[in-house]
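If you want the building blocks of each chain, they are given just below.
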Amino acid sequence: MKFKFKDKERAKQLIGVIEDYVPDRGIKIVHVCGTHEVTITNNGIRSLLPEGVDIREGPGCPVCVTPTRDLDAAIKLARKGAIIAAFGDMMNVPGTEYSLNDLGPEGAEVKMVYSVSGAVELARKVDSEVVFLGVGFETTAPMTAAVLSEDPPDNFSIIPSNKLIPPAMASLMELPDNNVDGFIAPGHVSTIIGCRPYEPIAEKYGVPIVVGGFEPLDILYSIALIVKGVATENPSVENGYPRAVNYDGNSRSRELIEEVFRVEPGLWRGIGKIRDSGLGLRDEYKQYDALARFDVHPEEGEEVLPNCLCPQVLTARATPDQCGMFGEECTPGHPYGPCMVGDEAMCNIWFKYGGRPQL
Amino acid sequence: MTAEGKEKIKVIHGAGGKAMDELIGNHVLNTFTNKSAGKIGLDNLDDGATIEGYAGRTLVLTTDSHVVSPLFFPGGDIGRLAVSGTVNDLAVMGADPLALTSSIIVEEGLEMNVLDRIFQSMEETCREAGMPIITGDTKVMERGNIDRIAINTAGVGVADEPVPDSGFSPGDKIIVTGTIGDHGMALIQFREGLTFKTKLKSDTAPLNHLLKIARDAGDVTGMKDPTRGGLAAGLNEMADKSHLGLTIHEGKIPIKDPVMGVSDLIGISPYNVANEGKAIIMASPGTAEDVVGALRDNPLGKDAKIIGEVTEERPGKVILETEVGGRRFLDAPLGDPVPRIC
Amino acid sequence: MCLAIPGEVLTIDDNLATVDINGVEQEVRLDTLPEEADKGDYLLVHTGFAIKKLSPEEAKETLDLFDELIEINREMDEESEV
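Chains as they are written, first to last, in this note's numbering: chain V, 1 to 359; chain U, 1 to 342; chain W, 1 to 82.
Next up, chain V with everything else stripped away, as it sits in the complex:
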């Protein structure tokens, strides 16, 4: 079955639609998903768009928004002898002083896993404590919930760091200088939560929100719908990814989240606290909270580093080249702020591709 949508002819036609509707003043569209950024960058989507269509990455990549507090906690636990299991994405992200990868030469044990199940299997095989760094959004939280709800081994615990996307979108709109005209909503987050949670945001702030897929044509289609929504003053929520997203989402996964987690204030790196945007463990599952189990109290350190423009970049209020550190003290080889880490992080992309290169 064909799930790849990248034919040139349709792309041209969709770009035609975008051209027809793009307002003279220009338009700023924010997506909130690292994988959307990968699709956009890898396919050279920005080079295809007409002048005036500005596509930015908002706070949608756990590499950027996982707070230093949680990374520092993982590093502390690794130094206490626990095995840290984390997704590959998190390995190079700098905490206050170190990244998980920096611990290799010290002999601390950090293991990359593809799935939280892999972390549980690891715990079954070893005597040491295994701590899973539970980052991610609504897409990834059900998996952590699934393994916790089925009585994992005693030496398994997690650093709960899951976050919720809709509150972050709303908080972005609360910033007075946001200038956001529309959102591409994250497709696979929406597979879980459906389309409904975006409706109050579209209504309250008057911005079109299109749930977008991850093929190049999906992205162009989403942009076309948003540009059209802005031009026709119709700020509704549209599902541009119906092959993977139901209006009501995935009830089974949401039940799992509900069973294990409770909504609490979330700490976002570079942004700070956002109301109702975090997932903490319910009392019945508190025994799996690594921080409580090992009595680790990482300081609510510097979520915003001095002179680092990540907060503005993450909220689509600045471009990376406006940062004084960019390309000088902060490079992909020696990242200072989190937005320089990982292929899908905004500063990293700007460093490599010069933003929207006039190719």
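If you are wondering where the hints come from, they were derived from the structure by calculation, not from laboratory data.
On a predicted model such as this, the values are computed, not experimentally measured, just so you know.
Ideal placement from N, C-alpha and C gives every residue a C-beta, glycine not left out.
Check each hint, because a few of them may be wrong.
Over the 12 Å line for every Cβ pair with chain U, so calculated as not near, a few chain V residues [what the hints assert, rightly or not]: (1) D20; (2) T41; (3) M173; (4) S236; (5) P265; (6) D295; (7) V304; (8) T319.
Simulated DEER-style distance windows between Cβ atoms [as the list claims (entries may be wrong)]: (9) E255/V - R314/U: 46 to 54 Å; (10) K273/V - L23/U: 38 to 46 Å; (11) E19/V - K302/U: 41 to 49 Å; (12) G14/U - D7/V: 34 to 42 Å; (13) E299/V - E124/U: 55 to 63 Å; (14) D321/V - E22/U: 17 to 25 Å; (15) E61/W - E124/U: 49 to 57 Å; (16) H297/V - N34/U: 51 to 59 Å; (17) G23/W - E22/U: 31 to 39 Å; (18) G327/V - G293/U: 42 to 50 Å.
Place chains U and W on chain V using the hints.
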């Protein structure tokens, strides 16, 4: 983080990306002063070095150390890799290989039959390449001081006209001798923490015969074997050294389905992972089709294709034209690619 | 975040399916999936868990959506030219 005296060697320094370039640039090339014995020396950072005036021809010298896990993998093993790697470094310099050396460092406790299987594989690969091993060295280290085995091979070859990796001109065509990413993607499944399975095989093979065929078939102006860092690193190195732009077309790059499958699953680009039996060849526009035709007659080159061309646009950069018609820079990877889920 | 890709179910053993992704086999847990899965079904897979059953009809519908927008726009362009 870069304070003098505190910096330590990390795995990324050996991964063939920019971190390794920095290591070589700042620590190797800055320290040594006597760096060449001919036209191409250490500073050129080519696949090998040259010593001219060998009976009117040019000697080409190269060396490469090999470690790999697992030692035996689908499509090859460390022995086949050690011979192919060095033969290919000579072959992409336009040299006909003359002889190899083999130097092994073994960990105490390695089973003798494992060593025998590796030697047997080296023997078979040498026979394939028509290449003698004429001298060697063996060291054993105490258990734990090295991971099982490391093999260094040095090779010497001879060329009438060495092919540097930067001698091409605008208009020349960019050819790959076959599918991209096979070796890297076949080996990623063995990385700790990953659980997928694939029947994908490494492409490890000596390319000296194939590249001789290419040289004889047309006007070959540049060659490189895109090993660590993959096609992206190889092309960027060529663009950088030649101060020319390289444009490649996504839809034309031959990639096997399972390579794309692994790429989709763990978010690693096929352009960024190693090839051990493929070469990038630049050929003049008039002869490029002939070169591709000749390559395709050989089993090792059956999927050869023209994937792009050398331009004067954006000197030092590689531009990828994507299937939807977008354009972007194809950058060299920073280090060993890491699987991602986000 | 959230890399998720389609895979075709090869075998199912209780709560665990093996799916084929372009010649790559991955074990996938089904307890996050609201639908029943069968051999031959396509599942959307995220970090080793299935999150949605995909249907070929829906893939086709996606293309129809694109074409519908293109078509509406073409008609409007033509009208405005008239």
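Legend entry - Ascending list of hint numbers which this structure does not respect: Violated: hint 2 alone.
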